[in-house]
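K.L.:
Since each chain sits alone in its own frame, please combine them into the complex, following the hints.
Here the protein sequences line up with chains A and B, keeping their order. Be aware that the first sequence starts at 1, since it is given in this note's numbering, and climbs by one per residue. Be aware that the second sequence starts at 1, since it is given in this note's numbering, and climbs by one per residue.
These aren't lab readings, by the way, just hints derived from the structure by calculation. Check the hints yourself; a few may be wrong.
As the list claims (entries may be wrong) - Computed list of lysine-lysine pairs in PhoX-like fashion (alpha-carbon distance at most 20 Å, straight line): (1) B:K84 / A:K33; (2) A:K146 / A:K169; (3) A:K61 / A:K89; (4) B:K61 / B:K84; (5) B:K84 / B:K106; (6) B:K61 / A:K89.
From a predicted model like this one, the values you see are computed outputs, not experimental measurements.
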Amino acid sequence: MYIIIVGAGKVGYHLAKLLMTQGHGHEVMLIEKDRAKVGILSMEFHDAIMEGDGSTVEALKEAGANRADVVVATTGNDEDNLVVCQVAKLMFLRPRTIARVNNPRNEELFAGLGVDASVSGTKLINAIIHEQVRAGDMMIPLLTLKAGDIEIVEVQLTRSSHIVRKKIKDLALPTGSIFIAVIRGEEVIIPYGETEFQPEDKVLALVKRESEQALRQML
Amino acid sequence: MIIGCGRVGSVLANRLDEEGHQVVVLDRNQQAFRRLSEKFSGERIVGNGLVEEFVRPTFEKKIDILFAITDKDNNNLMIAQRVKLTFQLGRVIAVVHDSILAGLYKELGVETVCPTDLVIKDIVQTIQGG
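Chain B extracted, bound-state conformation (with noise of 0.2 Å):
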């Protein structure tokens, strides 16, 4: 399940599909799912990540890992830890520009990935490489 079909959801979630995975994407905004490709096969729904009626009924089904991926660290972070606290999922990974606050989330215990670290650890690793 991908939370944000923005320019990382939408490309994550053509991969996964590509890769022959059952995929389920969320966006508030029925806009966003023109970023997925003609070809996507999983299921879009319209709604908002935070309000817990609206994603009680997918969280019910069996979903092995779940993504946070909206443009906003804090909706990543709240949705991250409700589906954990609430629902008994595989894995939740949420993702969270600012570096520090993603390795604290990391500390308690919320598996977070840092784009923000991942580009300068590219640069830094281009620099050195040339």
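The shape of chain A in the complex, shown without the other chains (with noise of 0.2 Å):
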């Protein structure tokens, strides 16, 4: 694929590197505004790195975005990546558009105004420390699926879980939650009615986000 880059910051930069080498291989142009950076970025990559505003025609023009399959915008200003995604959509014939949204609020934002795509580095950080802290209470999540509407998660049962010593049929367990499977040691137990929980099971359940908190409380 031809991938064009805007903005050889931090997250540009890394991103053409990986997406050059590691077996990916794909041809990538990097845009950036800093003659000083491009002077200093050329010696690493070559014809790979262009000078100029990609948030104009020209500059986009120059670095082939007619032959484009993604433009992506990672500078840290919302606005130059919002103008970026829309003037390649526009203009040129058929990239995809992913922009790299600063302010997490800018993100619904940039869907209504036809960005493909947009990532957004607080809010992923965000997600993993809150997992990490939910860690802590022995629910981990160990798949989110569904943009985070549903969830694989595994419960370390302890001999004060309040669901030990009793079988599946008896429990009362919310809506929009199931059992999927209990690893007794070496042993994995797919449950039905009659499967009673020991001590030291782990259990995994698929659960729908608003049903987590209930599930977690009958746990």
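P.N.:
See below:
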């Protein structure tokens, strides 16, 4: 694929390196406004970096946006990233546009204004921290589906867990949640009504986000 | 409402105020308001026009026309589009120096004014007139 990256800051630089190497082998063009930065980076990127304002038609044309598969805007300014994506979308043939969103509040706006996808560093870091914090209460999210609406979680039971020595059929499982596996030592049990929980069991459950709190309380 | 109290924004604000319109000027930098005339009777707000929390209370008042006249084209284009999308304002006008961008966004339905085009037009007229 041919990928144009606007902004050779930390995000743009590492993204370009990653896409060019490590078996990805994509063709990349970095567009950077700052002449000094272009000078330094051209030792490393050679023909794959050019000086220019990536939010202008001229620069994108020079970079060959007409044959680009993807245009990624990675600058630290949301207004620049927005215009890069809009210009790429309007003036050139078929690029998919991806914007870095610095202020998470702009994510919705970008979607409404025709940017194909946006990535918010702040939001990602928040989500990771949130998951780490929650891991402390023994319910560990393993997999998130449907953009966070559904999760597969792992719960380590202890002697004091409410459901120990109880059968599934006797439990009032919250709506929007289901047990999918019980791991007992080396054994994996596909649970059904008669399954009785033991201390030290690891329980895997599929749960909708809105039911997560209720499930946690039950356990 | 005028976002950006620079050379153009401040003169426009002074003039509209003199003509008896109710004017609100917003700029990130308090210092920018020194460009307003002493007689200016409108409202001055220090804040970032790109941050929604900042501008929401102002936009929820009835604004007939909004000018985005900061010194950055992309700022103006984002402000104008956000305002159009989020708040139902009568008219939103963005000043865009890049002639190609100004034309492009006009096609997108964003009202733009391009100082570069105006200067060129003026010079050409002067040449032909002389």
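K.L.:
Against this structure, judge whether each hint is valid.
P.N.:
We went through each hint and held it up to the structure:
For the given pair, K84 of chain B sits about 29 Å from K33 of chain A by alpha-carbon distance, which is inconsistent with the 20 Å threshold. Restraint check for K146 of chain A and K169 of chain A: the C-alpha separation of about 29 Å exceeds 20 Å, so the hint is violated. Note on K61 of chain A and K89 of chain A: the hinted pairing holds, with a Cα-Cα distance of about 12 Å set against a maximum of 20 Å. Restraint check for K61 of chain B and K84 of chain B: the C-alpha separation of about 15 Å stays at or below 20 Å, so the hint holds.
In summary, the hint linking K84 of chain B to K106 of chain B is supported, as the alpha carbons are separated by about 13 Å, within the 20 Å threshold. Between K61 of chain B and K89 of chain A the alpha-carbon distance is near 34 Å, which puts this suggested pair outside the 20 Å criterion.
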